[in-house]
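Q: These are the residues of each chain, in order.
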Amino acid sequence: MFNFPVESFWLIVPWPFIWLALGIFMYFRNKRDDDLEDPSEGEVKN
Amino acid sequence: MKDDVLIFLIYLFLLLCVGLYFSRKASKSPNSYLLGDRKVGPAVTALTMQSTSMSGFMFLGGPALAFQHGWYAMMYAIGDAGGGIINLSVLGKRMRRMSELLGALSPIEYLEKRFKSAAVRIVGSIIATVFLFAYVFAQFLAAGKALESLTGWKYEWAVVVGVGVIVIYTVAGGYLAVVWTDFFQALVMLVGVACILVVAFVHVGGLSGLNQSLGEMDPSYLSIWGEDYIYYGQWGVILGSSLIYMIGYMGLPHVVVRHMSMESTKTVKSATLWSAIYNQLFAYSPYLLGLVGIVLLPNLSDPEMVIPTLAYTFFPGVVAALLLSAVMAAIMSTSDSILMQAGTILSRDVYQRFINKKANPTKMILISRLSILFAGITGILVAVIQPPKVFDLVVFAFGTMGNSFMVPYIAAVYWKKANSTGVLCSMIGGGITNILWTALDWQAITGLHPFLAGLFISVIGMIIGNLFGNPPTSDMEEIFEEAKGPRRLPKKVEQNIAQDIAPEARVISDFMKHKPSVQGVQR
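Protein chains in written order, with my numbering: chain A, 951 to 996; chain B, 3 to 525.
Worth double-checking, as some hints may not be accurate.
Calculated pairs, BS3-like style, for lysine-lysine (alpha carbon to alpha carbon, straight line, at most 27 Å) [as the list claims (entries may be wrong)]:
1) A:Lys981 <-> B:Lys494
2) B:Lys115 <-> B:Lys4
3) B:Lys27 <-> B:Lys359
4) A:Lys981 <-> B:Lys486
5) B:Lys118 <-> B:Lys486
6) A:Lys981 <-> B:Lys147
7) A:Lys981 <-> B:Lys418
8) B:Lys365 <-> B:Lys27
9) B:Lys419 <-> B:Lys365
Derived by calculation from the structure, the hints in this document are not laboratory data.
Note that the structure is predicted; figures quoted are calculated from it, not measured.
Let's have the full structure, built from the sequences with the hints guiding it.
A: Quick look at the structure:
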């Protein structure tokens, strides 16, 4: 595909999708953690 | 005056305005000046992190690498594209919490307070100062050369004007000016490179057409092993090329300070998404333009000029100059952050820590400004004179800082029992390994990238060093636990607890419902 050799295709092309998927996954994971935390938790008090 | 020169001057003037706009806000306290009151939102955090990480190398060195080695260079882009996501996910929340609990304003001070060791701060300050200065000198040199080639000015004047603007807005506006100009410059970088790439792809027939042309010229360009398969089978080199940017940013003080300045731990969530989207749109593009250069500019004598040459080939002078502001944006957004960090280390980690511990906030802001001014003027002089020995250090700057600080920063928030001896061994061992590996070209003998070798030694140093020295105090262990954030119990444990307390809860509920009289208690 895209005139890549097979090895180069599988080592290069999936990465943008992997990173994007990881970014979205981390967003929802952090959102779940934030929702479970106390609303004022973000501001850590000394 | 030529139109394209006028565009650059307007661009520089806008940056100056941003710096002056933030100068009053920055003067409130050292926290305001050095960390923007820890009030930086997700979009700005993500984009300043990216534009700081991605220096002039992205527009000059990166495309040149692709021009020389073909698709192998994309291994660096792959690491770069994920670096921000990894950095925010691994360090973000915990470092934000811990830095505030420790009251640390600089990443080196943070290490000293976490590991309760002045030696950590001394060694950390020395490594950071030497290599941050080397790094910033190189960026200033690049800024001067870029401005010289884009405007036709004399190199010395280009350095004084280009770098002078960076120094003025950083001194005036402090950290807030740096992050907001970085945010703006990240967008300039994206728009500039995207416009050039779209037109370039039209010329070469898209990705398929580009690869077909590359394959016809030299099939090794299409492999991940470099031109003429020079790195064939050397997975240590391939892996190191990706890892250096994928995880190496976690060791750069001027990048990790972004975690400390976030508005709250909740900033991490959206910043990760911003980072993921921005990086996928930007990180690959300069390298792709390097590949386009192989096809469209086969006789180019200086590979570093791939992007400027393509811009002037496709667009009329004024538009090209506008798009090439992206090159200056990349250099300036990295320079200001390094300058800011170098000044912070001089004022906070050297002056206030070892010279005048009782300096009041007003004096600290003044000292911070003077430190940045000192670093900036020194940088301008060095960039103008160009002493060769200084620039030898630049080769080691990124890798050495990454190998020195990455493992300590991660251990600080993930290893409760980590101690100062382990951190010192890790910093010194990792840094020296990277320097030796690069200077003596051990990559050629071992097939192992210098960053990978330094990382390995840094981890070993941390583990072995931790066997010696004093364990962390109990109050530090408490801070560590607090920095981890609220913990949730596993579902099974929660179910068991619910079952265990169920009879008791039922009795209390019945008691509350019927309110029977209790002997000895008046109702």
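Q: So, for every hint listed, does it hold in this structure?
A: Hint check results:
1. Proposed proximity of lysine 981 (chain A) and lysine 494 (chain B) is supported: the alpha carbons are some 22 Å apart, at most 27 Å.
2. Restraint check for lysine 115 (chain B) and lysine 4 (chain B): the C-alpha separation of about 53 Å exceeds 27 Å, so the hint is violated.
3. For the suggested pair lysine 27 (chain B) and lysine 359 (chain B), the alpha carbons sit about 24 Å apart, so the restraint of at most 27 Å is met.
4. Our distance criterion of 27 Å between C-alpha atoms is met by lysine 981 (chain A) and lysine 486 (chain B), whose separation comes to about 16 Å.
5. Restraint check: the Cα-Cα separation between lysine 118 (chain B) and lysine 486 (chain B) comes to about 19 Å, which is no more than 27 Å; the hinted pair holds.
6. For a cut-off of 27 Å, the pair hint linking lysine 981 (chain A) to lysine 147 (chain B) is broken: about 45 Å separates their Cα positions.
7. As the CA atoms of lysine 981 (chain A) and lysine 418 (chain B) are separated by approximately 26 Å, the hinted pair is consistent with the 27 Å bound.
8. The straight-line distance between the Cα atoms of lysine 365 (chain B) and lysine 27 (chain B) is roughly 16 Å, inside the 27 Å bound, and the hint therefore holds.
9. The suggested pairing of lysine 419 (chain B) with lysine 365 (chain B) is violated, with an alpha-carbon distance near 37 Å, which exceeds 27 Å.
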